[in-house]
Amino acid sequence: MSVVVIPREKATPLFNFFILLGSLFAGLVAVGIVFLLKGINPFFAIFEIFRASFGSFFGFKETLTKAVPLILIGSGLALAYRAKFWNIGAESQLLVGAIFGTWIGLAWGPSLPGFIILPLMFIGGFIGGGLWGMVPAIFKVKFGINEVISTLMLNYIAAEFVKFLVVGPWKGKTKYGYPYTDDLPDQAILKYLGNSRVSLVLIILAVCVALLLAFLVFRTRFGYEIRVIGENPEAARYSGIDFFRTTLIMMFISGGVAGLAGVGELSSIHHHLSYPETISAGYGFTAIIVAWLGRLHPGFAILSGLFFAGIIVGGDAIQMSMGLPATTVNVFNGLILVFLIMGDFFLNHKVFYQRRKG
Amino acid sequence: MKRIEKLEMQGITKSFVGVKANQDVNLTIEKGDILGLLGENGAGKTTLMNVLYGLYHPDKGKVLVNGEQLHLRNPKDSMKVGIGMIHQHFMLVQKHTVLENIALGYDEAPFFFPQRYMRNRIEEYSRKFGLEVDPDKKIWELSAGEQQRVEILKALLRNADLLIMDEPTSVLTPQEAEDLFDILRKMINDGHSVILISHKLEEIMSICNRVMVMRKGKVTGSAIIKDVTKVDLARMMIGRELSNSLEKSEIEPGDPILEISDLSVDSDQGLPIVRNLSYTICGSEIFGIAGVSGNGQREMVESITGLRKSVTGSVRLQGDDITNKSARFIHNNGINHVPEERIKFGTVANLQLFENSVLKKHHTTPFSKRMLMNYPVIREHANSLVEKYNVDAASINTPVKNLSGGNMQKLILGREISAEPSLLIAAHPTYGLDVGAAEYIRKELINCRDRGGAVLLVSEDLEELFQVCDRIAVMFEGHIMGIVEPGNCDIEDVGMMMAGSAVEKKQGENL
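Chains as they are written, first to last, in the working numbering: chain G, 1 to 358; chain E, 359 to 869.
Just so you know, the hints here were simulated from the structure itself, not pulled from any lab data. For clarity, every value in this text was computed on a predicted model and none was experimentally measured. We treat Cβ as the ideally placed atom computed from N, Cα and C, and that holds for glycine. Some clues are possibly wrong.
Taking beta-carbon pairs under 8 Å as the criterion, some of the chain E residues facing chain G (in silico) [unchecked claim]: (1) L413; (2) Y414; (3) D624; (4) G628; (5) K683; (6) G692; (7) K718; (8) T722; (9) P724; (10) M729.
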C-alpha cells in the first residue's frame, strides 16, 4: 500500500463545506484530547463551552459583545488575505484606532452633542487604523519587506506607544495614579442594550461593514483587482493594475475597520484608554482564524466571528466552573486554525491509497 | 572509479499528459566529445537531459555507460556514475561563500577542518581548467559567468565525467562565453565530455565536434560538425515540409498602425538584447517575427506593450508616441496582447471563466461603471466568447485552471480580438496546442487582419508564419536580419537569417 497525492482539479461548494466541518470536527477532537490530559471529560467540557456561550440569554449577550470586534476585524482581514497580503497586525491597527478615538473624544467630546462626536470618533478611528495599516503596505511594495514581519513588529510599537500615552502625557487627572486616560464624556459613550454590555449600534455597524466588504470584494472593480493581484501578480501587471495604489487602499480599508473595532471597544466597554492588553483581548489575532474559517469571505466572517466569540465566552465559563487555565481557549483556537489549513490541503489535493503493483 | 568512455541512450520515450516529449531517441557520446543538442523550444532537449540526469524516468528505453545498463532513479544515481548537470538557472545559495557552496553535500570532505581540504581541492581544479574564482567571495557578489564557474567546479569535484549544460551562454556576455568555451576545451583535453543544449547555431558550430538536432520530440539529424553548415542545421531544426498557406483574401495594406524606430531594450540581466530595431506594420497586415526564441522577441513585445522600459528609440501607434507608457495606457489606446506564457500572464487560474473574460479591460465600459463591476454584462460577454471562439468549458463559472491549454488560449485570443484592437500582438499563440486548435487560432488571426486590424505575430514555427503572414521579419540577436514575403522567398534564406547570416544578395530579386 502506498499513499498517492495528486492535485485536485476542482472542489464543489458542498465538498468545500464538508472539509470545513471536518476541520472543525478534527479541531474539537484534538482539543478533547487536551481536556482528557487535564483529567476532564471532553464531551462535558465542550458541551459546557457551547452551553455557556449560546445556551443562555446571559451568555449569548456576552457572545454578541465579543463578536463585534471579531466580525469587524475578521472581515477586514479577509479583504487583505484575498490580495495575499498577510496582515498579522490587526491588533495594532485596532489600538491606533482606539488612540485616535480617545483623542477626538477627549478633545471635542465635552463641547459636541453625541450624534456628532460619536461618528467623528469612528471616522477618526478608521483613519488612524487605516494609516497604520498602510505603513506595512508601503514597506512591502516599495522596499520588498515581508508584511508578516512588519505587521507583527508594528504590533509591539503600537502597544508600547499606548502604554506610553496612558502612563505619560495622557494619564488621567481623575484616575489617582492608575494607567488610564480620563473617561470619555457621556455623549461619547455608546448606550447598552437593556442590562447587557452590547451596543445595538455596534452590532449593526459590524454586520454592515462585513456585508459592505463582501460587496467590495465580489462586486466592485477594486475587489476584482484585489483578487487578481492575490491570485496572480504577473497577470495583474500584464493587465495594467496599479499594484502600489491598490495595495495601499486595500490596507487602508483593512486597517481602518480594525480601527473601528478599537473605537467600538473604547466607547462601549472601556470608556477610557488603558493598557493595550485590556483594550483588546487578542482580537486582532483571533480574527485571523475568523477570516480563515469564513473562507476569506467578509460576509461569512459574521458567522465565524460569532462562533469564535462563543468559544471565548465559553472558555471563560469553563475556566471558572472547572478551574481550567484561561489559555486553554487559545489552545482551542490555535488547533482549529491548524486543522483549517490542513483542510485546505485536502481541498487542493486528492489523497488515496493505492495497492503496490506486483 | 572507472571513467565514462562511452555513454548511450537507446530508444528513450517519455510522454507527459497527452504530449510525447521524447519519441524513440538515441544518443551516443564518447570521451572527449562536445555534443551540441540543438532544437527549438519544446523540441524535447531538456526532457531528454532530465532523463539522463535521473530527474525523469523514461517510459521506454535505456541508458548504458561503457556498455553496462544503468538504473537512474534520481540525480544522486547519475552523479555516482559521473554525470553532472548545470541548469540554466544556477542552484547556489546566494548568501554563502563559493567554498561553502561547493562543500555543500560533498561527501568526501573530512569531518574536521573541511575548509582546508576543500580549499586545496578547489585551487587544484581551478588551476587545471582555468576556472578562476575566489573561494571566499559570497555568491551574490559574483557575476553570472563566475557563478557558472562555481557550478562547473561543483560538478567536477563530484567527479563528473560527462557535463550537461543547459543553455549555458544565455546568461553570459560574449566575453564570458568565450572564457567558458576555453574552459570546456581544457576539460575535453582532460578526457571529459560535454553535452551542450543550445539553440544558437553559431555557438554549436564554434565549440562542438558533433551535433544532434531534435524537433517535436524526435531526432531529425545527427552529424559531425565538420560535415555540416549552419544552413544544414537550420534546415534540420525547422523541418522542410511547409504546407500551403491558409486561404486569405488579397487586401491592400492600410495606413501605418505601428511604427517602431531605433528601439533598443535590455534583458533582465541588464544586457542589451534588442538593438536598434525599426519596422512599420500597416492595417490589414499580419507581420511575423521569425527567429529562434531568446533573440529578443519577448523583450521587444514587452516594451511595445508597456511591460518593460526601452533604452532608446520610439514606438508610435497611429502617429501617437506611446514609448514607455504604462501597460494600461497602451491597452486603452488599442494594442491588445496575447502573452507568451498564457497561464502565467494571461489568466488568473483560480478565478472563474467569466471573470477572466474581462481581464485587462475590466475597468472599461460596459464591464464596469464607475467603481462597480457589471457582472450580468460580463457573463453575457463570457458566454458570447465561449460560443464564438469554441471554448470548451463546463460553464462560464468554472475556474480557468480546469480548461485545457488550447481552450485557455482560445479564451485569451477571443478576449483580445473581440475588442477589435488596432494592433493585436500574439506571441507564440499556438505553442503547445493540438493541430485543430492551432489551425482555428491561425484562422482567427487572419479574420482579425481581414477586418482591418494590424497583427504582430511572434512565433518560432516557420510553418505557421508562412501560412498566415503577409511579411516576415527574421530576428537574430536583437537585430532584424531581413524582411521577406512568404509567397515569394526561399525557406533556405530564412534559415540562413535565423542562423545569423545576412542574405542581401537575393533580397532585391525577391521583393
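Query raised in the report: Can you list which hints this structure breaks, lowest number first?
Result: 1, 2, 3, 4, 5, 6, 8 and 9
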